[in-house]
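*Asks:* Listed in order, the protein sequences are those of chains U, V and E. First residue of the first sequence? That's 1 in my numbering, and the numbers climb one at a time after it. First residue of the second sequence? That's 1001 in my numbering, and the numbers climb one at a time after it. First residue of the third sequence? That's 2001 in my numbering, and the numbers climb one at a time after it.
Where hints are given, some of them may not hold.
[Said to hold, decoys possible] DEER-style ranges, computed between Cβ atoms:
(1) U:P141 / E:L2029: 40 to 48 Å
(2) V:A1207 / U:S29: 21 to 29 Å
(3) E:A2258 / U:A122: 56 to 64 Å
(4) U:S29 / E:A2259: 54 to 62 Å
(5) V:V1013 / U:S29: 42 to 50 Å
(6) V:N1047 / U:S29: 40 to 48 Å
(7) U:F145 / E:L2029: 38 to 46 Å
(8) V:D1221 / U:V250: 41 to 49 Å
(9) E:T2095 / V:A1207: 29 to 37 Å
(10) E:T2053 / U:G204: 23 to 31 Å
(11) V:P1016 / U:D257: 43 to 51 Å
[As the list claims (entries may be wrong)] Lysine-lysine pairs mimicking DSSO-like chemistry, simulated, CA-CA at most 27 Å apart:
(12) V:K1104 / U:K14
(13) U:K261 / V:K1085
(14) V:K1008 / V:K1023
(15) V:K1234 / V:K1192
(16) U:K195 / E:K2105
(17) V:K1244 / V:K1318
(18) U:K261 / V:K1008
(19) E:K2037 / V:K1141
(20) U:K14 / V:K1141
(21) V:K1117 / U:K14
(22) E:K2278 / V:K1104
[Said to hold, decoys possible] For the chain E half of the interface with chain U, some residues (derived, Cβ under 10 Å), not all of them:
(23) W2018
(24) F2028
(25) G2041
(26) F2061
(27) E2091
(28) A2187
(29) V2192
(30) W2206
(31) V2210
(32) L2244
(33) T2245
(34) L2249
(35) R2276
Please keep in mind that the hints were generated in silico from the structure rather than gathered at the bench. Bear in mind the structure is a predicted one, so any value in this text is a computation, not a measurement. All residues carry an ideal CB built from backbone N, CA and C; glycine is no exception.
Here is how the chains run, residue by residue.
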Amino acid sequence: MSDTWLMTNLRAVKGRAYPRIIGASREPSWIFFEVALPLLTVAAYAYIYKFMEAPAAFVGFVILGGAMTAFWLNVLWGMASQLYWEKETGNLQLYLMAPISRMSLLAGMAVGGLMGTTMRAAATMIIGICVFSITLDLSEPLMLFAVFMATMIALYGMGMMFASLYLLLGREAWHMSNLMTEPIYLASGFYFPVKALGAYAAVGASVIPITLGLDALRQLFYPSSREAYGFLPIEIELLVLVGLCGLFLVLSKISLDYMEKLGKSTGRLTLRWQ
Amino acid sequence: MQPAVETKALTRVFHPKKKKEGKSVTALAGVDLRIEQGELFGLLGPNGAGKTTLLKILSTLLLPTTGKAYVAGYDVATQFHAVRKRINMVSGGEISGYGLLTVKENLWMFTQFYGMKSQVALKRIDEMLEQFGLADKKNEKVRALSTGQRQKMNVIRGFVTDPEIIFLDEPTLGLDVNASRTIREFIVDWVKKRNDRTVLLTTHYMAEADQLCGRIAIIDDGRILACDTPENLKKMVKTSTMLKLDTTHLGNKQGLSSIKGVEKFTFTDNPESNMTSLRFVLEDEVAVSDIVSAVIAGGAKILGLRKTEPTLEDVFIKLVGKGFE
Amino acid sequence: MAVMDDLKTFKNSAWLGWQMEANWTDPFLFATYSIVKPIAGTLILVFMYLVITSGETETAFFSYMYVGNAFYMFVAEVLFGVTWVIHDDREHFMTLKQVYIAPIKFYVYVFGRAAIKIAIVSIGVLVTLAFGVFVLGVQVGAGGVDIPLFVLSLLLGLSMLLVMGLAMGGLTFLTAKHEGGINEGVAGVFYVLSGVIFPITVLPHWVQGVSMTLPVTYWMEAIRRGLMPDAMAEIARGTGLEHLTNLELMGALLLSAAAFLLLSVSVFKYADRVARRKGRIDWTSAY
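So here's chain U without its partners, still in its complex pose:
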């Protein structure tokens, strides 16, 4: 039965992703919820910009921000706080007993949720572009890809770090996730250029990968908006994002190990209904 450490953990990723993927195919109602309905909030913000006679690029900013919320929500609710549900249903202790890395478990959750997430993001972009007649500049596809990937890796790394809280806490962590949703939308400039928050706030918010990721993507999709609304040059933002990738992946490992140990010491690792 014994496998190499890498193969075992890759199988673990596959194993944990499986229920997500199969579950999604067996309960297809999510397609409607994930595709059509999130667009409504985005549409509201797009219309308000139209009402305020904002530059056309702002509608594009909103569509892009709306698309990226899919990934943020997947990190927050599909991965990090999922451990809370696993704890409550008794799965967590079975996972923790298994000879796998906790990051493999979380990666499996993230990978499994990616289908729905990607569909949500893509639908928001495509429908938003069609309904609001948005034009995007695609002249730097490599840079777009690099920024997107760096943002995703750093974001999911950060999510793994949050997930570690759930090894120790219960509802408190769930409510913290709930609390974080809107402030992150605000601080990261999901629906407006983060530059509007002021330099210091924007720098502080840059620790959240999606802040710089969004800003860089906006600058790439709307090159004409760089000077007025871009926070930092794209190259610098990409560099910071790559740094955040490494940082969050390391921090998440440390945090997961520490929180697990703390949970085991205090007896709260598998304690339900905290």
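Given chain U's structure and the hints, the job is docking chains V and E onto it.
*Replies:* Leaving out everything else, chains V and E in the frame of chain U:
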């Protein structure tokens, strides 16, 4: 030979998060235990005795407060990776898994966390489903299973990875006779097949422990009270006489424990049938007549009287002075 | 007697709702949570506005947007609160079946749980309004508050939301764990179509027709007219409902609320029947 499980002065204290939530609880108080490879070892004790806490420590879900615990020679606190490769656990009343997946899919998913190749895993799953009479349920969604079927699935989940040591925490809890029997027979068979397989079974069904286990430890209030084979444990009470009386409702039972010759005494009142069951451990059979007189003087009628062979519960009563709940 | 029983059910489930909402942390953290969350949500809009208008918040439109967004919290949280009760009890604590088979009216139980949500959200709305008035110059009460209009519309609106939430809850019986999408979706429909943060005149003409069928559209208008009658009169290009008098507005609100009441009750009853037929009262669907 290295033991499968060894604990040395193992202690676990739980502290409340806030003062108003109560005092600290000592779940384990200096447990010394040694389980050899190939044993089917039982841990018997009432609710709250510390059985699950011990299992959680051994399965690396909980750290001890003080003391040491080793599984397959590895320290559970510091070498937990090595421990996890060699163990698995099944609990009674488990609700783990995903209702949306089929039985086979759930089982396969868990095998992936132990590095099993899918082909090997699926073959073994099929074999075990057949063994447990669940072959026709393999494509059913888990949420459609009955309690017994679900627990059988849980047991398969625990054994399918072929662990060296398996922890079974009340695996037949709440199951009917047939389901319980199937699981017990499987456990016995599994241990017999290879001498490097070890089972640590916790239960508060004394008959189950008596039937299955080569050795039993009796635990209460976090302490091991005795540890030996079932026969040797029963010999602890063999010099005493066990007496069981069934009477109509007996209100005043106070004087019964002070009758000369009565070593220990417990009772159970059944309000529905208006009956009382009295159980005595007697030093001297002479006490029987005094007991009968006291019961009659108390206004109750004797419906049945018999001397019984000592059971593990009698051992427990002798050691602790109370029965199992 | 039945009324007393219902009141008792309502009281007990409200108590339970409070425990579920509040006992996960200490009071300070809970208070922080209850204040920070609504304000952060509101500030998103504030910054969106500031980026375009360069800082002028003492305008009629800003007040329109701000007040609408503040009261929209009731819409989102009540709808979410009711559906969450079903989801939480069914999948998390697995107590739904016990509550369901108890000799109580299940919808009264749900209302009790949701009532606490309303109470908590009210604090958030109050804090948000206070922040807007004192920090951002929102024109609430500037020209006097039409108290009868405001109170009546608030009560009617909250009752309407409760009943709509019940319908959402019924649908939750039938859908899997991602039922969060239901309330998000329905709340999102109201957000776009009901003049919450922009007048419905921005929308395409045919969409405005849909807006006019939604009770939340009239509710938003009535709340604003009650709290800031002068500012409402100043909205350039109109709100789409300026041709209605207050009486007509309340009448439209009442009519559309009544229609939604009938629809919601029907949806709930239907979903309840189907859920029982398909054995979904106690199913689990997490993955």
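*Asks:* Would you mind marking each hint as holding or not holding in the structure?
*Replies:* Verification of the hints:
no.: 1; hint: U:P141 / E:L2029: 40 to 48 Å; result: holds, 46 Å
no.: 2; hint: V:A1207 / U:S29: 21 to 29 Å; result: violated, 48 Å
no.: 3; hint: E:A2258 / U:A122: 56 to 64 Å; result: violated, 40 Å
no.: 4; hint: U:S29 / E:A2259: 54 to 62 Å; result: violated, 26 Å
no.: 5; hint: V:V1013 / U:S29: 42 to 50 Å; result: holds, 48 Å
no.: 6; hint: V:N1047 / U:S29: 40 to 48 Å; result: holds, 42 Å
no.: 7; hint: U:F145 / E:L2029: 38 to 46 Å; result: holds, 41 Å
no.: 8; hint: V:D1221 / U:V250: 41 to 49 Å; result: holds, 44 Å
no.: 9; hint: E:T2095 / V:A1207: 29 to 37 Å; result: holds, 33 Å
no.: 10; hint: E:T2053 / U:G204: 23 to 31 Å; result: holds, 25 Å
no.: 11; hint: V:P1016 / U:D257: 43 to 51 Å; result: violated, 26 Å
no.: 12; hint: V:K1104 / U:K14; result: holds, 16 Å
no.: 13; hint: U:K261 / V:K1085; result: holds, 18 Å
no.: 14; hint: V:K1008 / V:K1023; result: holds, 25 Å
no.: 15; hint: V:K1234 / V:K1192; result: holds, 25 Å
no.: 16; hint: U:K195 / E:K2105; result: violated, 53 Å
no.: 17; hint: V:K1244 / V:K1318; result: holds, 15 Å
no.: 18; hint: U:K261 / V:K1008; result: holds, 21 Å
no.: 19; hint: E:K2037 / V:K1141; result: violated, 39 Å
no.: 20; hint: U:K14 / V:K1141; result: holds, 20 Å
no.: 21; hint: V:K1117 / U:K14; result: holds, 12 Å
no.: 22; hint: E:K2278 / V:K1104; result: holds, 23 Å
no.: 23; hint: W2018; result: violated, 14 Å
no.: 24; hint: F2028; result: violated, 13 Å
no.: 25; hint: G2041; result: holds, 4 Å
no.: 26; hint: F2061; result: holds, 8 Å
no.: 27; hint: E2091; result: holds, 8 Å
no.: 28; hint: A2187; result: holds, 8 Å
no.: 29; hint: V2192; result: holds, 5 Å
no.: 30; hint: W2206; result: violated, 14 Å
no.: 31; hint: V2210; result: violated, 12 Å
no.: 32; hint: L2244; result: violated, 21 Å
no.: 33; hint: T2245; result: violated, 25 Å
no.: 34; hint: L2249; result: violated, 22 Å
no.: 35; hint: R2276; result: violated, 19 Å
Violation of the numbered hints given earlier is confined to hints 2, 3, 4, 11, 16, 19, 23, 24, 30, 31, 32, 33, 34, 35; the remaining hints are satisfied by the structure.
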